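> So the sequences go chain by chain: A and B. If you count by the numbering used here, then the first sequence holds residues 1 to 380, one letter each, in order. If you count by the numbering used here, then the second sequence holds residues 1 to 380, one letter each, in order.
Treat the hints as calculated values from the structure; they're not laboratory data. Because the structure is a prediction, the values reported are computed rather than measured. Careful, some of the hints might be misleading.
Which copy is meant is left open, so a pair is good if it fits within one copy or across any two.
Straight-line Cα separation of at most 20 Å, EDC-like style, residue types lysine to aspartate or glutamate; simulated pairs [to be verified]:
id : residue 1 : residue 2
1  : K312      : D63
2  : K61       : D192
3  : K214      : E131
4  : K321      : E122
5  : K314      : E112
6  : K24       : E318
7  : K172      : D364
8  : K147      : E286
9  : K312      : E84
10 : K172      : D368
2 protein chains.
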Amino acid sequence: MKLNILKDELNEAIQHVSKAISYKTTIPILSGIKIDAASNGITLTASDTDITIQSFIPLEKQDKTIIQMHKTGSVVLPAKFFVEIIKKLPSHYIEIEVSENYQTTIRSGSAEIQLVGMDPEEYPMMPRLEENQVISISGVVLKTMIKQTGFAVSNNESTPVLTGVLCNLKQKKLKFVATDRHRLATSTIEVDTDAELELDNIVISGKTLNELSKIIPDQDSVVHIVAADSQVLFKMESVLFYSRILDGTYPDTSKIISQNYQTELVVKTKLLTDAIDRAYLLSREEKTNIVKLAGEGERSIEISSSSSELGKVKEEIEVVKLTGEPVKISFNSKYMLDALKVIDSEQIVIGFTGVMSPIIIKPDQDVDMIHLILPYRTVN
Amino acid sequence: MKLNILKDELNEAIQHVSKAISYKTTIPILSGIKIDAASNGITLTASDTDITIQSFIPLEKQDKTIIQMHKTGSVVLPAKFFVEIIKKLPSHYIEIEVSENYQTTIRSGSAEIQLVGMDPEEYPMMPRLEENQVISISGVVLKTMIKQTGFAVSNNESTPVLTGVLCNLKQKKLKFVATDRHRLATSTIEVDTDAELELDNIVISGKTLNELSKIIPDQDSVVHIVAADSQVLFKMESVLFYSRILDGTYPDTSKIISQNYQTELVVKTKLLTDAIDRAYLLSREEKTNIVKLAGEGERSIEISSSSSELGKVKEEIEVVKLTGEPVKISFNSKYMLDALKVIDSEQIVIGFTGVMSPIIIKPDQDVDMIHLILPYRTVN
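The following block holds chain A by itself, in its conformation from the complex (with noise of 0.2 Å):
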């Protein structure tokens, strides 16, 4: 192998892979970014075993010259001083040789670097999925479901399956659902596919979909799902993103979602968020982060928190409408919060079905995303 390449763009292709580096390994290859290059190009690949991406380098793009093959070949270079190196490479161009032994010499400048390659046939195969399944989504979207879902998924490893965002595919709707059985989160748009495609039970890590959220790009751009036994493939422009489907079945909470309200309140996003912000640095203090909510009038709410040690925070609030019966409720405020952050829209409406059953939170615009939190049960 032997090459020449221009170093941004192939930096920009690391930064893309890097995501995928386990740097506390087991297994030495996967410290590694194994380089393929081809006739066509060269490909970047990392994995840490639940992630694996791969990014693509053309020859050509828009008639520049980006690539300079001399000879294919492959290799797998030791990542964490591969990525860091190029970045800090004194040219914008950059010559990449493998010889016997894996031996890589990179030259840029007047910078000479030897590095002890390893061999690429020990690098794990890629998995080929059946590419019959494929649903496509603008990358924006996508992003947005990710982060209106991804906060909600649990830390504790002991339900692995609840530390993943369900993805379910029905009748075109495409539904991602998150839950640490304290609060649910769900987001879900209509695709443009075929009726009969149908998605059941996939679960995705939570931490995943992040890491994929990063890669896509703000720009304008559609990515393609595909969906295997164990394995989702994200497809974008130039890179290829797989991830490992959690194992588990996934709990069934289609159903827990009331439409009946005692109480409903609609308010104003801002205000509200900004209310229960102050409340929840008393709250934190007491590590319960409860904050009460308590409205009578049809004028406004009360937000209020209260620390032994501390002191007490306390505002009314002017509400757009509030009906139905009088509410005083106690929730987590670190989860009102994180709801509260990712609606965009100015006023929201928030539905009380009882002191202990859940507290239904959505824009009050779009009915395709949902948030419930269970509440506390407090004395008073």
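Knowing the structure of chain A, use the given hints to seat chain B on it.
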């Protein structure tokens, strides 16, 4: 105590004193910020016993009313919560009222906060420093001297005096020295003070000077330094910064800076920094940070490092001048980079006095800053 105050001004003063708050203190009263409201303004005080910071807010600034003082008095408020809640209050105007038992009410917009205050009489008294020995120095110059030396202090608490920077004044020359026994950094300036005034063995913790540096404004300002037996006071416009002087006698380092070089190298700072930075990336993986510098001809030197596992980095860089005997020396590249980063001049001078004698690094234009690094003894 009862007063109204502008949020931004209070917040700015809190940010200054917050650098001295001790969140993990065994002295409960020090977990608070003391507020003293007098007829001319309010003073905030925070302390972790090593550092004490006071910030004063006058009633008016440039004809703008900052504080409306209704009733003077003092209170100590829980720092962590106080610092954060003030930032997040809904209005630009804040009312603070202290009633019986130091119960404090903070009102802003629709928010009302009750805080359990503490007795200000329990707060430690400020030391009184005799102000007959004062050095006045530009804030920007003081910041620069701290930057040029502070990084070289020892992290090893077993010799506490070396975790500080030595500040000496003699014949109007103020000199800062820091060393961790492997390297040494000095910076000297001439100050406009009484020629008789001398400071000897004043050693201030590197961490403390780092905190001080963050408080000194970037604009033109003067810092007055007042030294007493066990304390130094840095007086700024509205902030007083007290620091403990470290116990112990600082070693005499005045004789280790040789002026007779076997080899003298003049080189472009950026060229050398970038090359050593690349070699450092590899040497870091070996934990030793060893990088070699070798020069024989007149036109270039070679920077190199190697790792048994990863490989080698090698680079020729052009020199401006190389005079004297051939040089071949190994050093800790992290220490070299630390020194190079605080040198602003375009070219630097490096002096070698022998394989096991300190390497001397200084800007080519300025003799008031000198860095020393002990080389490594290495085979060939």
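> Hint by hint, note whether the structure agrees.
Going through the hints against the structure:
1. For the identical chains of this complex, K312 and D63 are neighbours neither inside a copy (66 Å) nor across copies (35 Å), given an alpha-carbon limit of 20 Å.
2. Neither within a single protomer nor between protomers do K61 and D192 lie at most 20 Å apart by alpha-carbon distance, with minima of 30 Å and 63 Å respectively.
3. Taking the shortest alpha-carbon separations for K214 and E131, neither the intra-copy value of 24 Å nor the inter-copy value of 57 Å comes in at or below 20 Å.
4. Neither within a single protomer nor between protomers do K321 and E122 lie at most 20 Å apart by alpha-carbon distance, with minima of 64 Å and 49 Å respectively.
5. Taking the shortest alpha-carbon separations for K314 and E112, only the inter-copy value of 5 Å comes in at or below 20 Å, while the best intra-copy value is 65 Å.
6. In this homomeric assembly, K24 and E318 never come within 20 Å of each other (Cα to Cα): the closest approach is 52 Å inside a single copy and 39 Å across copies.
7. Taking the closest pair of Cα atoms, K172 and D364 never come within 20 Å of each other, the shortest separation being 24 Å inside a single copy and 71 Å across copies.
8. With identical chains, the CA atoms of K147 and E286 are never at most 20 Å apart, being 28 Å at best within one copy and 40 Å at best between copies.
9. Within a single copy, K312 and E84 get their C-alpha atoms only as close as 50 Å, which misses the 20 Å cut-off; across copies the closest is 15 Å, which meets it.
10. Taking CA atoms no more than 20 Å apart as the test, K172 paired with D368 passes inside one copy only; the shortest distance there is 14 Å, against 73 Å between copies.
Checked against the numbered hints listed earlier, the structure breaks hints 1, 2, 3, 4, 6, 7 and 8; every other hint is satisfied.
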